[in-house]
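Visitor: Sequence:
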Amino acid sequence: LDASTASVLQRSLNADEVQDESWLSSSFIDLILSRFARIYTNCHFMPIEFAAFRLKTMQKTDMIQATDILGNRIDYKGYKPVVFVANIANVHWNLLRVQHWPLQELQLFEPMGKPASRHGSGHGVSMRYIPKHIIHWLDTCWPLEGHDEGLSWLALSCSAVTASHQFNGFDCGVACLLYAEKCAQDMMKEDINEGTTQSDITNFRQALQRCLTALEERDRQLNGPASPRPGASSGSSSSSSASSSSSASVVAVDSASAICTSSDGVGASSSSASAVARGTTAGDAVEPLQATAVAAVAGEGASSAAAVAMASGSGSASSPLVL
Numbered sequence: 059l060d061a062s063t064a065s066v067l068q069r070s071l072n073a074d075e076v077q078d079e080s081w082l083s084s085s086f087i088d089l090i091l092s093r094f095a096r097i098y099t100n101c102h103f104m105p106i107e108f109a110a111f112r113l114k115t116m117q118k119t120d121m122i123q124a125t126d127i128l129g130n131r132i133d134y135k136g137y138k139p140v141v142f143v144a145n146i147a148n149v150h151w152n153l154l155r156v157q158h159w160p161l162q163e164l165q166l167f168e169p170m171g172k173p174a175s176r177h178g179s180g181h182g183v184s185m186r187y188i189p190k191h192i193i194h195w196l197d198t199c200w201p202l203e204g205h206d207e208g209l210s211w212l213a214l215s216c217s218a219v220t221a222s223h224q225f226n227g228f229d230c231g232v233a234c235l236l237y238a239e240k241c242a243q244d245m246m247k248e249d250i251n252e253g254t255t256q257s258d259i260t261n262f263r264q265a266l267q268r269c270l271t272a273l274e275e276r277d278r279q280l281n282g283p284a285s286p287r288p289g290a291s292s293g294s295s296s297s298s299s300a301s302s303s304s305s306a307s308v309v310a311v312d313s314a315s316a317i318c319t320s321s322d323g324v325g326a327s328s329s330s331a332s333a334v335a336r337g338t339t340a341g342d343a344v345e346p347l348q349a350t351a352v353a354a355v356a357g358e359g360a361s362s363a364a365a366v367a368m369a370s371g372s373g374s375a376s377s378p379l380v381l
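Here the sequence shown stands for residues 59 to 381, numbered as in my numbering.
Derived by calculation from the structure, the hints in this document are not laboratory data. Glycine included, each C-beta is placed from N, C-alpha and C at the ideal position. Don't take each hint at face value.
Restricting the straight-line Cα-Cα distance to at most 27 Å, the calculated cross-link-like pairs of lysine-lysine (BS3-like) are [what the hints assert, rightly or not]:
| # | residue 1 | residue 2 |
| --- | --- | --- |
| 1 | K138 | K114 |
| 2 | K118 | K138 |
| 3 | K190 | K118 |
| 4 | K190 | K114 |
| 5 | K118 | K135 |
| 6 | K114 | K135 |
Quick list of simulated restraints, FRET-style, between CB atoms [as the list claims (entries may be wrong)]:
| # | residue 1 | residue 2 | range |
| --- | --- | --- | --- |
| 7 | E207 | V149 | 37 to 43 Å |
| 8 | Q279 | L209 | 23 to 29 Å |
| 9 | L161 | G253 | 28 to 34 Å |
| 10 | E107 | A213 | 40 to 46 Å |
| 11 | L128 | E207 | 33 to 39 Å |
| 12 | R112 | P173 | 26 to 32 Å |
| 13 | S184 | D206 | 50 to 56 Å |
| 14 | A147 | T99 | 31 to 37 Å |
Could you build all of it, start to finish, from the sequences and the hints given here?
Guide: Structure representation (C-alpha cells):
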C-alpha cells in the first residue's frame, strides 16, 4: 500500500475514531459496510464515494456496470436491496435503501427524524435530502415497472424515520451503520423506526469501541508496540492506540484473511468471537456483544443475534444485531 492509502486505513482502524463524541469518517463507515457486505450477502452495500462523487459524472454505460463495495456488479434484473450512506451539506449522514419487495420504495433513514417542514406521511421527498444524481441513476438503470409510465423513483421516496432517534450532534454516522445492519437483516422500515432509540445507537458505538480496541490489542500482540505518530510525545497514552501497523491496515482491504489467520494464543477476544460465530461457548472472558462486534469486523463469521439478545437483556434471538 502507498503511504496515503495506509494512513487512511490506519485511521479507519483507530479506536479514537469512535470515541464517545466523535463523528465517523467516510473511510471508517466504508470499513464497517465492507464487513456487513461479507456477512449479509442478500444486500448490496455501496461505498460512500459512489453516491458522493462517481455518480455525478457517470454515463449510462458506466452506471450499468456499477459495482458494490466488494466489487460485485449490481444485477439490475434482480431484487437485492441497495444500501448506501449519503452526506448532506457536508455535515450530516443519512442512509438510503432501495427496496424492491414487497413494495418498491426509496427509503430515507434520517437519524434526526423527518423534518417538521416535510408534511404528510406519503411518498415524495425533496431533492434537498436525496441528491438528484441518485434519482437519475435509479431512473436510468432501474426503471419502475407496474407504475405509470415515466414515474420517477423520487415519487416513491419516503421518510423511513418519523421521530428523532438521535438526540446529540455526533451520532448520525453510528445511527446510519445501525440502520444499515437492520436493513441487511430485511427489517421493514416501520420496525426500524419503532425499534431504534438513542440508547441503541450509544450501545452500538460502544460495541464499535470494544471491537477496535480488541483489534488494536491483537495488532500489538502480533507486531509489537506501534510507533508514535509524528508530532506526538513518546509518553502519550494515545500514541499506540492511534497508530496501527501496515499489516493491520490490510485488514480494511480483506480483514477475513489478514487479521484472522489464527485464533491460537491471541487472547480471549478472538477466541470468544470465533465461538460466537460458531454458536459455541468460549467462557466469560468477553461479553457476547463485544464478541459479536469482533466477529463482524474481524471476519470470523456471521454475527449472532442470540449473543446480542443476551447482552442487551432482551432475551430474544431475533433482536437486531449491534454489529
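Visitor: For every hint, state whether the structure bears it out.
Guide: So, going through the hints one by one against the coordinates:
1. K138 <-> K114: Between K138 and K114 the Cα gap is close to 23 Å, so the pair holds against 27 Å.
2. K118 <-> K138: holds (20 Å)
3. K190 <-> K118: Roughly 15 Å separates the two Cα atoms, so the pair holds.
4. K190 <-> K114: Status holds; Cα separation ~9 Å.
5. K118 <-> K135: holds (16 Å)
6. K114 <-> K135: Given that 27 Å is the threshold and the Cα spacing comes to 23 Å, the pair holds.
7. E207 <-> V149: 37 to 43 Å: This hint holds: roughly 38 Å between Cβ atoms.
8. Q279 <-> L209: 23 to 29 Å: 57 Å Cβ-Cβ, so the 23 to 29 Å window is violated.
9. L161 <-> G253: 28 to 34 Å: Once the Cβ atoms are compared, 19 Å apart, the range 28 to 34 Å for G253 and L161 is violated.
10. E107 <-> A213: 40 to 46 Å: Violated: the Cβ-Cβ distance is about 27 Å, outside 40 to 46 Å.
11. L128 <-> E207: 33 to 39 Å: holds (35 Å)
12. R112 <-> P173: 26 to 32 Å: holds (28 Å)
13. S184 <-> D206: 50 to 56 Å: violated (21 Å)
14. A147 <-> T99: 31 to 37 Å: Given range 31 to 37 Å: holds, Cβ gap about 33 Å.
Checked against the numbered hints given earlier, this structure breaks hints 8, 9, 10, 13; the rest are met.
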